[in-house]
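Asks: Based on the hints, put chains Z, V and F with the ligands in the right spot on chain P.
Protein chains: 4
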Amino acid sequence: MKAVIYEGNGTMKEKNVDLPILENNELLLKVQACGICSSDLRTLLYGSRSVVPPVVLGHEIAGEIVDKTLRGTEYNLGQRVIVSPAIGCGRCIFCRTGQQNHCNDVRKIASHYNGGFAEYIKIPAQAIYGGNINIIPKNIDYLEASLSEPLACVINGQENLNIGPDDTVAVIGAGPLGLLHAEAARLSGAKKILLINRSSKRLKLAESFHYDAYIDLSAEDGIKAVNDMTDGKGANVVIVTVSSAQAVEMGVNMASHMGRVCLFSGFPYDKSKNKLDLNIVHYRQITLYGVFSSAPRHNEAALNLITDGKINIKKIITHIVSLSKIDSGFDIVRAHDGLKVIVVPDMEDLQEDIKNYSSAKIIV
Amino acid sequence: MKAVIYEGNGTMKEKNVDLPILENNELLLKVQACGICSSDLRTLLYGSRSVVPPVVLGHEIAGEIVDKTLRGTEYNLGQRVIVSPAIGCGRCIFCRTGQQNHCNDVRKIASHYNGGFAEYIKIPAQAIYGGNINIIPKNIDYLEASLSEPLACVINGQENLNIGPDDTVAVIGAGPLGLLHAEAARLSGAKKILLINRSSKRLKLAESFHYDAYIDLSAEDGIKAVNDMTDGKGANVVIVTVSSAQAVEMGVNMASHMGRVCLFSGFPYDKSKNKLDLNIVHYRQITLYGVFSSAPRHNEAALNLITDGKINIKKIITHIVSLSKIDSGFDIVRAHDGLKVIVVPDMEDLQEDIKNYSSAKIIV
Amino acid sequence: MKAVIYEGNGTMKEKNVDLPILENNELLLKVQACGICSSDLRTLLYGSRSVVPPVVLGHEIAGEIVDKTLRGTEYNLGQRVIVSPAIGCGRCIFCRTGQQNHCNDVRKIASHYNGGFAEYIKIPAQAIYGGNINIIPKNIDYLEASLSEPLACVINGQENLNIGPDDTVAVIGAGPLGLLHAEAARLSGAKKILLINRSSKRLKLAESFHYDAYIDLSAEDGIKAVNDMTDGKGANVVIVTVSSAQAVEMGVNMASHMGRVCLFSGFPYDKSKNKLDLNIVHYRQITLYGVFSSAPRHNEAALNLITDGKINIKKIITHIVSLSKIDSGFDIVRAHDGLKVIVVPDMEDLQEDIKNYSSAKIIV
Amino acid sequence: MKAVIYEGNGTMKEKNVDLPILENNELLLKVQACGICSSDLRTLLYGSRSVVPPVVLGHEIAGEIVDKTLRGTEYNLGQRVIVSPAIGCGRCIFCRTGQQNHCNDVRKIASHYNGGFAEYIKIPAQAIYGGNINIIPKNIDYLEASLSEPLACVINGQENLNIGPDDTVAVIGAGPLGLLHAEAARLSGAKKILLINRSSKRLKLAESFHYDAYIDLSAEDGIKAVNDMTDGKGANVVIVTVSSAQAVEMGVNMASHMGRVCLFSGFPYDKSKNKLDLNIVHYRQITLYGVFSSAPRHNEAALNLITDGKINIKKIITHIVSLSKIDSGFDIVRAHDGLKVIVVPDMEDLQEDIKNYSSAKIIV
Ligand SMILES: NC(=O)c1ccc[n+]([C@@H]2O[C@H](COP(=O)([O-])OP(=O)(O)OC[C@H]3O[C@@H](n4cnc5c(N)ncnc54)[C@H](OP(=O)(O)O)[C@@H]3O)[C@@H](O)[C@H]2O)c1
Ligand SMILES: NC(=O)c1ccc[n+]([C@@H]2O[C@H](COP(=O)([O-])OP(=O)(O)OC[C@H]3O[C@@H](n4cnc5c(N)ncnc54)[C@H](OP(=O)(O)O)[C@@H]3O)[C@@H](O)[C@H]2O)c1
Ligand SMILES: NC(=O)c1ccc[n+]([C@@H]2O[C@H](COP(=O)([O-])OP(=O)(O)OC[C@H]3O[C@@H](n4cnc5c(N)ncnc54)[C@H](OP(=O)(O)O)[C@@H]3O)[C@@H](O)[C@H]2O)c1
Ligand SMILES: NC(=O)c1ccc[n+]([C@@H]2O[C@H](COP(=O)([O-])OP(=O)(O)OC[C@H]3O[C@@H](n4cnc5c(N)ncnc54)[C@H](OP(=O)(O)O)[C@@H]3O)[C@@H](O)[C@H]2O)c1
Ligand SMILES: [Zn+2]
Ligand SMILES: [Zn+2]
Ligand SMILES: [Zn+2]
Ligand SMILES: [Zn+2]
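Residue numbers (full-length UniProt numbering), protein chains in the order written: chain P, 1 to 364; chain Z, 1 to 364; chain V, 1 to 364; chain F, 1 to 364.
Next comes chain P alone, as it looks inside the complex (with noise of 0.2 Å):
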């Protein structure tokens, strides 16, 4: 089979391999869509303590089960599913309480295992015991089933920011996780949702959500801006969904006394020590939420979002890529060409679902 192996040292390669072998208990997918997360750029780019190459990355997967060691179990040939990418142990407190994701002892897809930017992956015994797999509802496609893992990362991220209709939500950075964030912001019911920018190129994209304001940083003053249209309250939540330093000293100090602000984005490893202003955060009695990942509750509760139609998540779909082209799907990535980039193995295959995604570009 094909897959796209990330060799370290910022190259990856589209390979032929061997199909995985199932041992006891597990699941071989045919992987139908994959999304390419900016957290792959960045392994690419800088490297990543928790990936050691060779590996296959890619875990935003969506696929068919065609193959299965696994007895006595609601899943069978030819069902769809998507993959919740965090396997935990099953018996820490962590795992207990939902949150695989900072298991004691966690695996990952596309880390530990081989991830989706391939044409089969193999499903490992503990992940299906563990509830990572979650079988995708007749009315969506594999496409928007994929962002169920993104989107799980946004549920996680909102769980503890409890946001409601007295909140004013600023979203900073207007890539894909940033607008999956002001959505589910304003499934909320926020009072007003707040998207805020580098640069116009986005926000432009952004429009047609019909947020509340879009702020352009290149051409105004964030905090004077969040402050103008909270009566010089500031924002009660602040999402940091960049990877700057500046943007999370910016989110603290446009906060409100009270303020929540949410640390969704991690920093390249020999960057993470940054300034804050610690007695705004102590004085204003604000909360700061790291937080990372998602766990298989998210992930199932993503997927319903997308299958109940409470997102709009075909609109963030831009871009539908071959894997032999995935390198451009990466350019674009980078370039913020567009906003999410899927790798489709198979567009012979999905051939009906990529035509409800007119408006996205697709390369092969």
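Calculated from the structure, these hints are not laboratory results. Be a bit skeptical, because a hint or two may be false.
Heads up, incomplete: computed chain F residues facing chain Z, CB under 10 Å, no partners named [to be verified]: (1) 162; (2) 164; (3) 166; (4) 188; (5) 192; (6) 304; (7) 305; (8) 310.
We put the beta carbon where it would ideally sit given N, CA and C, even for glycine.
Replies: Just chains Z, V and F with the ligands now, kept in the frame of chain P:
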């Protein structure tokens, strides 16, 4: 009357001033006990944005009602009361939810109004309508009661930490506030309490509180010590009660996955921008709680804890000083020569109570 | 002035009475809109323990400040305001946490004080200090604003229900309060909203709200219908807005495991002991939330929702009646001939606003 | 091996049966201690919908791993373990959030599978993957460890009650579960604990636990007593641990405004429809929490509490009986002649441990 006036530039002087004149609906208190907070010292040494001299400092106030222009309430001459120092507008969202300390238009005793380092203090009408005055129950004395204010801050600080029997709690700083935090955490059923300090003096003083570990940073590495005591998992809750960037960094570092870190201390205002490893916060999904000051409901809750004997408060009072010896009191606070220092303007009046503090040092 | 006096024993009469005389720190409002609550009708029909006649009923009040003896606050002549009717003592634990409706010494408008079915109403000082008066923003009218009170009760009622996108919400009762609940649940992102009523009339009226199901108990079995729509699992949230023991029983029965049931309605006081299957509550681990009335913070939140256009409030107002036709108003409420009925004492003053209610019936 | 078989119709008989044969991935435990729950007695006396005879009862199980067909996990021969009896599917929303006791497809030990009143018990594979097996730490014995199961139910029951230092907690029922609740409430820092029982015998037994009040309903009125102790305000938290409609009614009646009432007991299934004054629930804004059973995470938390010595567990064990004397054990449970009765199949094996229960009665 005698009052100690903070004049800015590091000076503070006892003076004879006129008794405050009551306007409508006000109370006059005879100050019977007023604790020295380490933030009083910080203001004296470095100034404070919110304190404009000349003003009387001292916000941990217990006193007797000796005059009033207020009709028809439950407050009467001769009553013993404590004062919650942050006075709210009564109408903003913070006042309405019991967080007057974050009122959009907060006015504070010992900042906007004169504080308790004086023989008498005037209580403005708004404080009375706002519920800032709590009546001291019979079975506790003025000295204990004056500790309600710092304990109220601790209660505010722990409100969202949700400490329970699964939580190992690391308290950084063994000053009076660190100990109040440790006591409150124990009351919430914490699994283990680890008290951490820069040097051994105060850890020794705290031995009779019987915490689970006393970690002296001059002798051992804090992060290692905490990890050793938690199977390498880190503390679930870390409370930073020291005004040190290093301590915050260490605190975040010793927190477990999904750990909660309380930023209880502020910084001198030119030293508040500090480096923090944001990747730890992000990848471990840590929540960082800035907390500051307290509201009337915390004040009442603190008074109740003390009244119910849930917290061994007397042990924390190590020095009792007269108004004219307040400088010695500040010196002790600065040198960390004891724990809590209480100013008692009229020692004679309290002589029976003071007898119950046999191990405290009395300075007249 | 004209006022409608409730005299007990099922009688209520319009009379000419003296204008209220203001004592210190009070306000006089010209009542511009006052909704009829189904509990007003219940009081008229069956009496109420907390309402001692003679008294003016009507607690959903919007009016204009026309006189004041209050100095130095933000309230001024000519301002348009609404009133939160439960006035707290300001010091008990309920007042301190924003639940004045449960104040140990609560005093209520339309019960301890005269209410809004009159040309003018006096607002006591305690209501002003307590934050019970909220200023109406420019972009909404008195009629909409008067709905803040019932909506505030709904907000209080949903506060602990934590409705979100995983929740199928069944609302029992399609009266004005049922619809406000359904609207609020939708705003919180509920997965599905199922509106349930005893008969079809009001379900028809509610069709334009586009809920996910309309269940007419005269035509189908409620529990079966809800189970069918939830794969047999039951509704996660059930809100009972009808004063019927049967409905509570049905509500508990249609709740899922770990479901949340809101008991929003009270009962005539001689009919409040009802059979409930406690094993369902116990074995399914259901939580039953009694909720009653609202506090100033809910009132403000409701006003904000209406101002922000988050809830389509105008559609709920189906009848506007003059003070002298209040009996007709009560008849409509009793007959369930529409949804919300608003009493407007001075129709001429509001004639411009009333034009925006083209589908409402005006009775003068 | 010997096993006590529940045969329905109020009969239970010790028989010789074959050792269970392990299928794939299972464990065999030698039962070392198994408590008798009052619900075992209820099943014996009145039957139970979820228990289909013939089956071995007993779900408070501690034992030793003596055989296994499971590879590659942390479980090994010779280990001492406890069992969380509710086995979940691993994939439903309840399993995913750590509430396997409400799994859509839950299967229970001592109901779907044989329980612990036998010499040996087989643990199904699903229980192992589901985390239902917890390893007993060195410093506690099998008898204490077996109390983890009821304590886990108590922890589940108090999870949402949020007991803290402001709360006066009334516990109705002074049986073993009532005492575990009282202990857990104390650990959460409850202001006062009021223990209430129908008769004096068990209140006497509980005197050494030093609660704040012991209310004997045969001598005084419960509601009056609670009101007297709370300035007429009622208890903030009421926990009903008796299977009596009257007790639930009393419990709701003695709760304060905004009080929380825990419905911990179930009812014989033909006696579960009971009269309740719903107006009290509604007007006081009381929350009624039905709670039932527990999940693996509660089981672990309970084991930790016992291990950490946070709960004085040994005092609650008043009787230790051999398997062949199980009838006497049931008689004691029925007569309320002590507190917890533990069945120990192999007394000899535990003889050293049993020595530590000098005040317990041993029946062989
Ligand atoms: N917590 C989790 O579990 C989780 C999961 C997935 C992703 N993430 C993280 O979420 C972040 C966002 O993902 P993404 O795919 O949306 O990223 P992306 O495509 O790289 O988009 C980032 C956006 O942020 C803008 N930006 C960059 N620096 C900025 C600054 N200082 N101020 C304002 N805007 C700035 C960029 O604007 P320009 O277009 O002008 O460059 C861009 O539109 C990434 O850091 C990713 O690692 C976290
Ligand atoms: N949030 C609020 O509402 C609130 C209210 C009151 C007070 N506070 C703040 O709480 C803090 C503590 O108050 P306090 O009265 O207890 O203070 P304190 O008497 O100054 O005690 C501070 C303690 O911290 C120790 N310490 C200093 N630097 C340290 C470091 N890097 N690592 C470990 N320990 C270190 C000191 O040890 P040595 O004895 O070795 O010097 C001392 O024992 C102050 O910053 C105060 O401003 C906040
Ligand atoms: N908690 C609070 O603070 C608060 C505040 C305000 C109001 N409330 C209470 O909320 C309730 C609803 O107020 P509302 O003004 O909307 O009342 P409403 O106009 O009387 O409407 C009640 C609706 O319930 C329906 N109904 C009656 N019995 C039913 C049953 N057994 N099953 C299903 N539907 C049934 C009626 O249907 P038909 O049209 O077929 O008769 C009617 O449409 C009242 O009890 C009121 O006292 C509570
Ligand atoms: N939620 C769960 O997961 C769970 C788990 C385990 C047990 N439970 C339930 O918890 C309950 C308590 O268990 P247990 O083992 O402690 O029961 P128990 O041994 O039967 O004790 C019940 C106690 O309640 C007293 N009592 C009976 N009726 C009373 C009344 N009307 N008012 C006041 N006190 C009354 C009895 O007093 P006398 O001594 O005077 O008779 C007895 O001391 C049982 O119903 C059990 O089914 C629930
Ligand atoms: Zn784990
Ligand atoms: Zn305020
Ligand atoms: Zn009150
Ligand atoms: Zn399940």
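Asks: Would you mind marking each hint as holding or not holding in the structure?
Replies: For each hint, the structure was consulted:
1. 162: This interface hint holds because 9 Å falls under the 10 Å limit.
2. 164: 7 Å, holds
3. 166: Given a least distance of 6 Å, the restraint on residue 166 of chain F holds.
4. 188: Because about 5 Å separates residue 188 of chain F from the closest Cβ in chain Z, which is inside the 10 Å limit, the hint holds.
5. 192: 8 Å, holds
6. 304: 7 Å, holds
7. 305: Since the shortest Cβ distance to chain Z is 6 Å, the answer is holds.
8. 310: Status holds, d = 6 Å.
Going down the numbered hints, you'll see the structure goes against none, and every one checks out.
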